[in-house]
Structures are given as C-alpha cells and as structure tokens.
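*Asks:* Since chain G is already given, all that's left is putting chain B on it; use the hints.
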Amino acid sequence: DSGVTQTPKHLITATGQRVTLRCSPRSGDLSVYWYQQSLDQGLQFLIQYYNGEERAKGNILERFSAQQFPDLHSELNLSSLELGDSALYFCASSVLAGVINEQFFGPGTRLTVL
Amino acid sequence: AQSVTQPDIHITVSEGASLELRCNYSYGATPYLFWYVQSPGQGLQLLLKYFSGDTLVQGIKGFEAEFKRSQSSFNLRKPSVHWSDAAEYFCAVGARTTSGTYKYIFGTGTRLKVLA
Numbered sequence: 029d030s031g032v033t034q035t036p037k038h039l040i041t042a043t044g045q046r047v048t049l050r051c052s053p054r055s056g057d058l059s060v061y062w063y064q065q066s067l068d069q070g071l072q073f074l075i076q077y078y079n080g081e082e083r084a085k086g087n088i089l090e091r092f093s094a095q096q097f098p099d100l101h102s103e104l105n106l107s108s109l110e111l112g113d114s115a116l117y118f119c120a121s122s123v124l125a126g127v128i129n130e131q132f133f134g135p136g137t138r139l140t141v142l
Numbered sequence: 019a020q021s022v023t024q025p026d027i028h029i030t031v032s033e034g035a036s037l038e039l040r041c042n043y044s045y046g047a048t049p050y051l052f053w054y055v056q057s058p059g060q061g062l063q064l065l066l067k068y069f070s071g072d073t074l075v076q077g078i079k080g081f082e083a084e085f086k087r088s089q090s091s092f093n094l095r096k097p098s099v100h101w102s103d104a105a106e107y108f109c110a111v112g113a114r115t116t117s118g119t120y121k122y123i124f125g126t127g128t129r130l131k132v133l134a
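Chains as they are written, first to last, in our numbering: chain G, 29 to 142; chain B, 19 to 134.
If we strip away everything but chain G, and leave its shape as in the complex, we get (with noise of 0.2 Å):
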C-alpha cells in the first residue's frame, strides 16, 4: 500500500459525460501527479500540482483540468468524453517538486467510456 488513495476505481460512463476522479496524496505529501495509461499511448503523464498550484503540463487535453485543494487532495476532471478517454488514470505524489524524488503511486482510476 503506497498510501496514496483513489477513488472510485472504476467508472462507467457514456459519451460526451463528465466524471471527477479524486485523489488523496501520502501523508505529508505536497506534490500530485496525474498519469494516463492506456493500450494504444502507454503512461502519459498528464499534469502535477504543487501546494494546490498547477507546476507543469504534460500531454493534456483541453476537455480535461485538474486542481489541489487547500486540503492537499487533488481531482481530475474529463470533459466531453470520448471513447479514446478509456484508460486507467493514476495519481501519483511525491514530497517536493523542485528535486527529482520517488513518486507514490495509486492503485487507480479504470474509466470505460461507452
């Protein structure tokens, strides 16, 4: 158990929905990652937040953004959802962000796009 909570851990939804995965960081954590994997892209990093500010970008899309609250947890949301969206999302959350350190990773998010 990394100490890194996500729920719900699967989702079924329909075409052009919107869903909010949610993400608890390990205790005394500041930093969350959000990741994609998916069949055809393989682990896409997505986007971190640091003390609840956005520090970097990966490959996201525009349906998607994601925020930290005050209180450290972290949520993902997907727009407009398309049938390519299906995938496994995973948080991850490290200590710092300005240093290379060990990410924690969730058990993840399995989304099915019907």
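It should be emphasised that the hints constitute simulated quantities derived from the structure, not laboratory data. Note that the structure is a prediction, hence the values are computed from the model and not measured. Certain hints may be false.
Stated by the list, open to error - According to the in silico footprint, chain G covers these stretches of chain B (three or more CB under 8 Å from chain G):
#, stretch
1, 62-70
2, 120-133
Stated by the list, open to error - Partial pick of chain G residues on the chain B-facing surface, computed with a CB cut under 10 Å:
#, residue
3, Tyr-63
4, Gly-70
5, Ala-84
6, Lys-85
7, Gly-86
8, Leu-124
9, Ile-128
10, Phe-132
11, Arg-138
As the list claims (entries may be wrong) - Far from chain G, some chain B residues (derived; all Cβ distances over 10 Å):
#, residue
12, Ile-29
13, Thr-30
14, Glu-33
15, Ser-44
16, Gly-46
17, Thr-73
18, Leu-74
19, Val-75
20, Gln-76
21, Lys-79
22, Glu-82
23, Glu-84
24, Lys-86
25, Ser-90
26, Asp-103
Cβ atoms here follow ideal geometry from the backbone N, Cα and C, with glycine treated the same way.
*Replies:* Quick look at chain B alone, frame taken from chain G:
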C-alpha cells in the same frame, strides 16, 4: 527529445532462470532513472532508482540495475526469477520541466511471463 525505450514488449522465462529487461533512454542532462513494477490490477511500485554514485543499484525483491552512460542504458536484472515476478515492468526517466519540477517519462513496458 526525451524518451525511454523498452525494446522487449513481452519476455517469457522459466522459474529459477535469470532475467534481464532492457531500457534505453534519451535525455540531454544527467538522467534520473527508475524501474517500476505493475502487477495485474495494481498501481506502480518502485523497484529501484538511480540518481548518482554507484552505477549498480540494488532494489527490492532481489532486483538490481546497472546504469551505463556510454550505452544510455539502465537494464534491470534478477539472478533467479520467481513465479510471483510475473508482472509488467516500466523504466522511467525523471525529466526536468520548464517550471523546474520533474515529471516521469515512461517506457512502453515489458510484460514478464514466468513458466513453472
């Protein structure tokens, strides 16, 4: 461009046999390298990491990896594989972002099958 290549998509070995999973990276600066394992239905667990120093690093579950700068490689090894090692293995490089933070760039993974 920054990238990580894992040339073997699938590898099958017999239990008790030795294992080597290949990883090559392309990164302009000092690489920070990681190996993660993902068991079915699970998240990613860190096996080992290389930041600097001794180029042979030891990890959990009996794994080790050797950083070879001249070959841009960070291959993962285990002398004797156990059936419980069947999983998918990801190599990653920690890449500095424009804002000064770090993100991971992952390889496409190698799925390991272990024969009894």
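*Asks:* Against this structure, judge whether each hint is valid.
*Replies:* Against the structure, the hints:
1. With 5 residues carrying a beta carbon less than 8 Å from a beta carbon of chain G, the stretch 62-70 of chain B meets the three-residue requirement, and the given coverage holds.
2. Chain G is given as covering the stretch 120-133 of chain B, and this holds because 8 residues of the stretch bring a CB closer than 8 Å to a CB of that chain, at least three being needed.
3. Interface restraint check for Tyr-63 of chain G: the shortest CB-CB distance to chain B comes to about 8 Å, inside 10 Å, so the restraint holds.
4. For Gly-70 of chain G, the interface hint holds, the least distance from its beta-carbon to any beta-carbon of chain B being 5 Å, beneath 10 Å.
5. Interface restraint check: Ala-84 of chain G against chain B, minimum CB-CB distance 4 Å, threshold 10 Å, status holds.
6. Checking Lys-85 of chain G against chain B by beta carbon gives a least distance of about 8 Å; that is within 10 Å, so the hint holds.
7. Nearest Cβ of chain B to the Cβ of Gly-86 of chain G: about 6 Å, under the 10 Å cut. The hint holds.
8. Because the closest C-beta pair between Leu-124 of chain G and chain B is about 9 Å apart, less than 10 Å, the hint holds.
9. A least Cβ separation of about 4 Å between Ile-128 of chain G and chain B falls short of the 10 Å threshold, and the interface hint therefore holds.
10. The interface hint given for Phe-132 of chain G is met, as the beta carbon of that residue sits about 8 Å from the closest beta carbon of chain B, less than 10 Å.
11. Given the 10 Å rule on beta carbons, the hint for Arg-138 of chain G holds: about 9 Å separates it from the nearest Cβ of chain B.
12. Listed as a non-interface residue, Ile-29 of chain B keeps its Cβ farther than 10 Å from every Cβ of chain G; the least gap is roughly 17 Å.
13. Residue placement check: Thr-30 of chain B keeps its beta carbon more than 10 Å from all beta carbons of chain G (closest about 20 Å).
14. With a least beta-carbon separation of about 27 Å from chain G, Glu-33 of chain B lies farther than 10 Å from that chain, consistent with its non-interface assignment.
15. Taking the minimum C-beta to C-beta distance to chain G, about 16 Å, the non-interface status of Ser-44 of chain B holds against the 10 Å cut.
16. Non-interface call for Gly-46 of chain B relative to chain G: holds, since the shortest CB-CB distance, roughly 15 Å, exceeds 10 Å.
17. Residue-level check passed: Thr-73 of chain B sits 17 Å from the nearest beta carbon of chain G, beyond 10 Å.
18. Against the 10 Å criterion, Leu-74 of chain B stays outside the reach of chain G, whose nearest CB is about 19 Å from its own CB.
19. Non-interface call for Val-75 of chain B relative to chain G: holds, since the shortest CB-CB distance, roughly 13 Å, exceeds 10 Å.
20. With a minimum CB-CB distance of about 15 Å to chain G, Gln-76 of chain B clears the 10 Å threshold, and the non-interface call stands.
21. No beta-carbon of chain G comes within 10 Å of the beta-carbon of Lys-79 of chain B; the shortest separation is about 16 Å.
22. Every CB of chain G is more than 10 Å from the CB of Glu-82 of chain B (nearest about 17 Å), matching its label as outside the interface.
23. No beta-carbon of chain G is positioned within 10 Å of the beta-carbon of Glu-84 of chain B; the least distance is around 19 Å.
24. Chain G leaves Lys-86 of chain B outside its interface by the beta-carbon criterion, the shortest separation being 20 Å against a cut-off of 10 Å.
25. Against the 10 Å criterion, Ser-90 of chain B stays outside the reach of chain G, whose nearest CB is about 18 Å from its own CB.
26. A cut-off of 10 Å between C-beta atoms confirms that Asp-103 of chain B is not in contact with chain G; the least separation is 19 Å.
Checked against the numbered hints given earlier, the structure satisfies every one of them.
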